[in-house]
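There are 4 protein chains.
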Amino acid sequence: MRVGVIGASGYTGVELIRLLCRHPGVTLSVVTSRQYAGRPVASIFPILKGQTGLKFENPALDELFGMADFFFTAVPHQTAMGIVPKLLAAQKKVVDLSADFRIRDAAVYEEWYQTHTAREYLAEAVYGLPEIYRTKISKARLIANPGCYPTSVILALAPLLRSRMIDPESIIVDSKSGASGAGRSATVGTLFCEVTEGFKAYKVAEHRHTPEMEQEISLLSGRQVRISFTPHLLPISRGILSTIYAGLTRELGHKEVSDLYCQAYAKESFVRLYDEGELPATQFVRGSNYCDIGFKIDKRTNRIIILSAIDNIGKGAAGQAIQNMNLVAGLEEDMGLGIVPLFP
Amino acid sequence: MRVGVIGASGYTGVELIRLLCRHPGVTLSVVTSRQYAGRPVASIFPILKGQTGLKFENPALDELFGMADFFFTAVPHQTAMGIVPKLLAAQKKVVDLSADFRIRDAAVYEEWYQTHTAREYLAEAVYGLPEIYRTKISKARLIANPGCYPTSVILALAPLLRSRMIDPESIIVDSKSGASGAGRSATVGTLFCEVTEGFKAYKVAEHRHTPEMEQEISLLSGRQVRISFTPHLLPISRGILSTIYAGLTRELGHKEVSDLYCQAYAKESFVRLYDEGELPATQFVRGSNYCDIGFKIDKRTNRIIILSAIDNIGKGAAGQAIQNMNLVAGLEEDMGLGIVPLFP
Amino acid sequence: MRVGVIGASGYTGVELIRLLCRHPGVTLSVVTSRQYAGRPVASIFPILKGQTGLKFENPALDELFGMADFFFTAVPHQTAMGIVPKLLAAQKKVVDLSADFRIRDAAVYEEWYQTHTAREYLAEAVYGLPEIYRTKISKARLIANPGCYPTSVILALAPLLRSRMIDPESIIVDSKSGASGAGRSATVGTLFCEVTEGFKAYKVAEHRHTPEMEQEISLLSGRQVRISFTPHLLPISRGILSTIYAGLTRELGHKEVSDLYCQAYAKESFVRLYDEGELPATQFVRGSNYCDIGFKIDKRTNRIIILSAIDNIGKGAAGQAIQNMNLVAGLEEDMGLGIVPLFP
Amino acid sequence: MRVGVIGASGYTGVELIRLLCRHPGVTLSVVTSRQYAGRPVASIFPILKGQTGLKFENPALDELFGMADFFFTAVPHQTAMGIVPKLLAAQKKVVDLSADFRIRDAAVYEEWYQTHTAREYLAEAVYGLPEIYRTKISKARLIANPGCYPTSVILALAPLLRSRMIDPESIIVDSKSGASGAGRSATVGTLFCEVTEGFKAYKVAEHRHTPEMEQEISLLSGRQVRISFTPHLLPISRGILSTIYAGLTRELGHKEVSDLYCQAYAKESFVRLYDEGELPATQFVRGSNYCDIGFKIDKRTNRIIILSAIDNIGKGAAGQAIQNMNLVAGLEEDMGLGIVPLFP
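Protein chains in written order, with my numbering: chain U, 1 to 344; chain V, 1 to 344; chain F, 1 to 344; chain W, 1 to 344.
Hint data in this document are derived by calculation from the structure and do not stem from the laboratory.
There's no promise every hint is true.
Which copy? The list can't say, so a pair holds if one copy fits it or any two copies do.
Straight-line distance between alpha carbons at most 25 angstroms, and here's what the computed DSS-like set of lysine-lysine pairs gives [stated by the list, open to error]:
1. Lys200 with Lys255
2. Lys136 with Lys92
3. Lys299 with Lys136
4. Lys299 with Lys255
5. Lys255 with Lys139
6. Lys55 with Lys93
7. Lys203 with Lys299
8. Lys299 with Lys200
9. Lys136 with Lys86
10. Lys255 with Lys203
11. Lys267 with Lys136
12. Lys55 with Lys267
13. Lys93 with Lys136
14. Lys92 with Lys203
15. Lys55 with Lys139
16. Lys92 with Lys55
Could you build the full structure based on these sequences and the hints that come with them?
Below is the structure:
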């Protein structure tokens, strides 16, 4: 199977290339970039020297159709909704890494983003969280790859919500992300000197991943839920740690909750559960497709505090996209993703 | 006035020296360290070359009494309770930077720390948060310098609690601290390679600053309160950002809350309030004695999210200690503390 | 004396403001920025909240003349040569932080930069390294503030060159600078993710500070000298460490060389000499106007290796500019510059 | 083939485990650590959760012999010389990552280290730089894995030395290493707060890798050579960049030198050559076994400046050790080492 990456010059794009150029089940046949068209990928991203001879291209869409069978669209939201329908019309399968097909309710999408011009695909698109929608994904032709923050949060909450162990209205999500989440565009706010030795919150109570989390949390809870969500910018490249607070609906011990998580995730390749007393950290998942989950029950306040760590470019973007591709293509789900995290 | 620093070889100690060696109202006359006794301070901390000719000393306590009029004790908890009573007995005034005299209720202290052997001083000790206890501090001879996390949290919450705008039982504190908060002892966990490019929570729902915050929050609320508190380790040297969540007791607009903060802090030298749309960050207070506060009202969930930033070694330790000393000594409260933060 | 900063929105500009807003001998009366005109300085740089009520302005040049008596021009090279002559014509004194007036030989300037349109001022401009040109500076009306790398290198070499202890043709300068040296413009190359956890050389053997160093080294040596110079980009905000290699002209012991340095710099406020076995580091000068110098004699190869550390924004730019202003204005040379470095 | 790692709790140890647990040609059967004996490797290094069920062990040496066929000794120098002879006597093959068997001349070893108690193995040990000693390595039973700095330097210089293009006496090596090179022992000097936002030289002209480089440079030059070597500590975890200066013996253009490097390394899996105008950087080799080399000819001074980048734990330690093991065991040289560097 030939695969292509549309919009491959950002951090997610180069991670897709990094993973796909060694993927044993597919051939990376085309990577596009307007900015770098004609230049060898390895000259822009020297990590890829000796790994790929591909050049960035900027073909017309029609031409592009013939260059691969399966596409990743790693373009900004709003751009994606222009491209994806054409790819589908050309009988291609697509994992879209933008936000355009994640929100099922077009009105909600339009409240947080802008006008949606491809609403007719929203019902068909499958939210690409394999641990929750595996079967649907394997039959889909359009996968909406989840946002980085929602991935870390929904995986952490799903077993608790399904079992009604927590009050969904009490959920508070305090997330911290590395700077790669802000992309590779040149902006003053993400310059080294602005980020290093610093830490700040941004888009407090108004980040666009909020409705995406609320959608999935509501589905898992069986009722409409609103949550509080605060993202922060960490002075690291890669990694998200979400600290999630929720009120317990009854007194629970560590073992009871732990058993629930094991039941949900013991067979999963990419969810790792931490024992009592252990806590996940971004540096333990760096470069990998893992989502690491640990928790603590605070008997004093009858709350549970869940810690969930992912690599925002890995499980939070490119890794999960390839996991979805594997499912769609009928390959082993973990093919090409067996990377041990890098530490230190 | 001659001042001495007992236990001056840690990060708080060197910050005290950095500030005191240029303080126009006092003379730094003695700094102690068992480990470095006899060595010039500037040979251990080259930032102080050309600033001070002092050597670390390790005098017997009796000898020490004659060497200064006012003391900072920057030693671990439990050690402090052995030294402070002797200093007081020798008619010295003391700002103690340990936890030993912060908790008024010895039983609570003993639940979170260990046996208290100087309980008789707990009633006398004044909690050294000048913005709240200024008058008491100015008359005290023993100041319990607040913990770094509690400083950032209590200043952020005080106006809201006093005005009953928030439900104290709903308070969730998610704090992030730079690595200097862990001290200058050699441990694997604070090695560069373990901390950089990483982020983790620690002591979730069991950090010792919890009872200290609960004590002050309870006093401000007029009732016993328990909170959730999660500290995290940031890959930066200096700085704490606390993200604080609380349920509003009624619908409130930004202006109403903003006015309340202004009323509380407009005259304070070291509290800076952020306008709507602005958010504090650790890099904006680095090296200073400021506490920067901003907030956002989330109408969707009827919660307020408050962001509070300090330099954990500055307002969170040494800076605040000197602010307290100034008050006790009848000096201008901001003397020697007029440092503009360092950015970038 | 009213002072103005032209081009105040970069890292050097904000450092000038940081230092000038607390300078006891002058009043900062105007700061210009095209980009931020009309906005309070403290809203762009929150470190300055509570320190200054100034707004960025963008006055016409004629209008600007009336707003201050002394100017710092912190604009790019080529821009400076358009502004400085007009300021001088208006009877203002100027410290220019660009490269435009550093090179005495216009032909050399034009070889490394571009056409010079204000050549007639080159003879008059004084190279603003106070430790070498103090007397001239105090009588000048136009000071060419040295480049950051040259400052660290020339101070380190001057005593050795004057005494003919080293062979100037053998000089190799390997310098490493923090990212603030690249300025505050948004470029992909200085994004956090591109710089952190990385290290690279750039402009090897072709950096524009080369002729500036060669000019001063040649003057100190009494003959034309060419050197090798390699700059590198460090994943830190502030600081330059230059490692300088030179062949000794005869066998020398540490003490002999050390005495020479003491003789040259013992009375200097801003040069700190390190004892045998000690080595300077960027973290020991952060935020200050110090240049720290240490060295090692390698008897095995008969070379000397000199280490020289400055804060590139401090002694390498804004700090030195104020030191120059103090000299020109007849103020104490160290006025407003008595900042203890920040560590950690 | 069963392989064991003796001394597996440091950064090199965990990297060996990371690479070996997914190596398709060998089975990692035992990892030793006194400190962590009995504890699961994945509980100490959570990156390995889900990758290995191994526990750290601390068996007696006799017992250890039966547990693997091939050993990596990742213990400090001096300790290695006690263990290695016993492993060899037990018919095991060994890659020793300490310095104990790198220096052929025991007198030189003893001048820089301490007494050597296993001199009889020095003649037999092969210096494990496959690009230079491939054939010898494949027949050896004891490989002395090179030091990290020497790896970066010798690979960069070998073609130039063999072709007599440079004057070996003029070689100056200015190297910069990430903090993992200092190991995982708890020391104040490698605490996060001491290293971050800083940069310093250490062991100037007296680092123990000097004689190792001189040995190989002398062999390549055909005469005894002494070099200048200055190591520096970078605020990054992984990576070495060596900037190497040498006088050219005649006028040379970029192409001529480039052809020489191509001739030497075009067939090598782990040496990547940079085109004119490109420069290696530590962030482009992170996590990999690559050595990236670029250079610039400075016609003004008739010197060449070579830049050489490796991951100090990869090609500088564990990666190269496995490359050596592959050669000794008759496996494909790059087996288990096909890791794309991690960026950002």
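Comparing the hints with the structure gives:
no.	hint	in the structure
1	Lys200 with Lys255	between (35 angstroms within a copy, 23 angstroms between copies)
2	Lys136 with Lys92	within (17 angstroms within a copy, 53 angstroms between copies)
3	Lys299 with Lys136	neither (39 angstroms within a copy, 36 angstroms between copies)
4	Lys299 with Lys255	within (14 angstroms within a copy, 37 angstroms between copies)
5	Lys255 with Lys139	neither (36 angstroms within a copy, 52 angstroms between copies)
6	Lys55 with Lys93	within (23 angstroms within a copy, 44 angstroms between copies)
7	Lys203 with Lys299	between (32 angstroms within a copy, 14 angstroms between copies)
8	Lys299 with Lys200	between (30 angstroms within a copy, 22 angstroms between copies)
9	Lys136 with Lys86	within (22 angstroms within a copy, 59 angstroms between copies)
10	Lys255 with Lys203	between (36 angstroms within a copy, 19 angstroms between copies)
11	Lys267 with Lys136	within (18 angstroms within a copy, 47 angstroms between copies)
12	Lys55 with Lys267	between (39 angstroms within a copy, 22 angstroms between copies)
13	Lys93 with Lys136	within (14 angstroms within a copy, 52 angstroms between copies)
14	Lys92 with Lys203	neither (36 angstroms within a copy, 46 angstroms between copies)
15	Lys55 with Lys139	neither (32 angstroms within a copy, 41 angstroms between copies)
16	Lys92 with Lys55	within (22 angstroms within a copy, 47 angstroms between copies)
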